[in-house]
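Enquirer: Below are the chains, spelled out letter by letter.
Number of protein chains: 2
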Amino acid sequence: MAPPMVRLSYNDIHKAIQASAPKIIKDFAPDLFIAIGGGGFIPARILRTFCKTTEDGKKRNIPIQAVGLTLYESLGGIEEQIGNEVVRVQWIDFSTVSDFCQTALTPQLGSKLKHGGLLGRRILVVDEVDDTRTTLVYTIRELQKDINKQLELVTDVAERERLREATKLAIFVVHNKLKPKAGEVPEGVQYFSAVDTPDVWLAYPWECEDDIDEHDALRVNNPKVENL
Amino acid sequence: MAPPMVRLSYNDIHKAIQASAPKIIKDFAPDLFIAIGGGGFIPARILRTFCKTTEDGKKRNIPIQAVGLTLYESLGGIEEQIGNEVVRVQWIDFSTVSDFCQTALTPQLGSKLKHGGLLGRRILVVDEVDDTRTTLVYTIRELQKDINKQLELVTDVAERERLREATKLAIFVVHNKLKPKAGEVPEGVQYFSAVDTPDVWLAYPWECEDDIDEHDALRVNNPKVENL
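For the protein sequence lines, the chains are A and B, in the order given.
Under the numbering used here, the first residue of the first sequence is numbered 1, with each subsequent residue one higher.
Under the numbering used here, the first residue of the second sequence is numbered 1, with each subsequent residue one higher.
Quick caveat, the hints were computed from the structure, so don't treat them as lab data.
All the pointers check out, no bait thrown in.
Pairs count within a copy or across copies, as identical chains cannot be separated in the list.
Straight line, CA to CA, 30 Å or less: simulated DSSO-like cross-link-like pairs of lysine-lysine: (1) 181 - 58; (2) 181 - 59; (3) 59 - 179; (4) 26 - 58.
If we strip away everything but chain A, and leave its shape as in the complex, we get (with noise of 0.2 Å):
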């Protein structure tokens, strides 16, 4: 039998991911998002509006890196990859990481940000869907390996103990399906949900090609993922 299907509004999804920014703030305090696309596009964006840092009294946006990868989605030309194999889209463009960096550093971040892009920084991924972990997981997993590249060129050692220490990662999902995973978020990073859910279909506003106010109302008449 099919799983049945939860329809979400936008504004299910805005308030979702504008109830969660708090905890997000108070428990790991992100400055860097990296979205997982596509589906990590919309609550990053979304997010950002509500993690907004304060620096000499400006409000100050987080920035946001892409990546694209994709598991059950079909790339341009290509057979659809089944199973567990993550394509990478896109990935961080470390050369305006770097030039960001150089950019933007004051100098009282200009050790925290100097090498490389990622060391030093609290780096939340941000996806729409917490479904097998995988990608999730791959992603986590790439960007520890970006990172040991990382502090692999620093030659202070001291130094070098000091950012493995302050490069922190963390996951951001809108829903997380209760169900088995594929894959175990690895140690030392935090994961936040915004909404727990049973093994549903969840039908995204996005995904919407018909009227987007009629999928709007049948949300009405559906059970609320909570009591699922």
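Put chain B on the given structure of chain A with help from the hints.
Expert: Positioned in the frame of chain A, the structure of chain B alone reads:
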């Protein structure tokens, strides 16, 4: 006097993009999106829903590459960049575009895709709003430079000219403000906007820090954008 504020709901944006998609497909038929982040992330993800391509009877998602550019926005620890300066926060990851092409190529697409990722493609640059046009013109110019660099690597002259001809750029914005622009859309670049607006303050739903339902309710009493 501050310009009037026009509140927009997520469904307004969804419907505006939905209504634009058939014309974009008919007149341009994009096969690669480049989303200008943060503003272009949400429109690009929504547009993808309505622009699926069909190949061998299967629906295919159009890949999205993200670029991060900042004009008005703040960069982490940097002073606000005022004026016409555009700062790259992220650019296209050509290593994965190429990987993508090598992985993705089917025999009939081989010659179309093998040269660096942009050649032979119909590239749609997506953003939320065309205000002064600075960021859009910057993006198109930089992409044209990248395309020219990739063309220089094609040794066969006839093939190079064929690819030059086949590579197309276009722009899609949800809102185009009818006002003097700091730059012109370069010749040969198609331009699509979902809604043309006067020079008003567009309050996007993803920027709403308060109650999103209230934002939507207040919107009902808005003058309609089309009637302003």
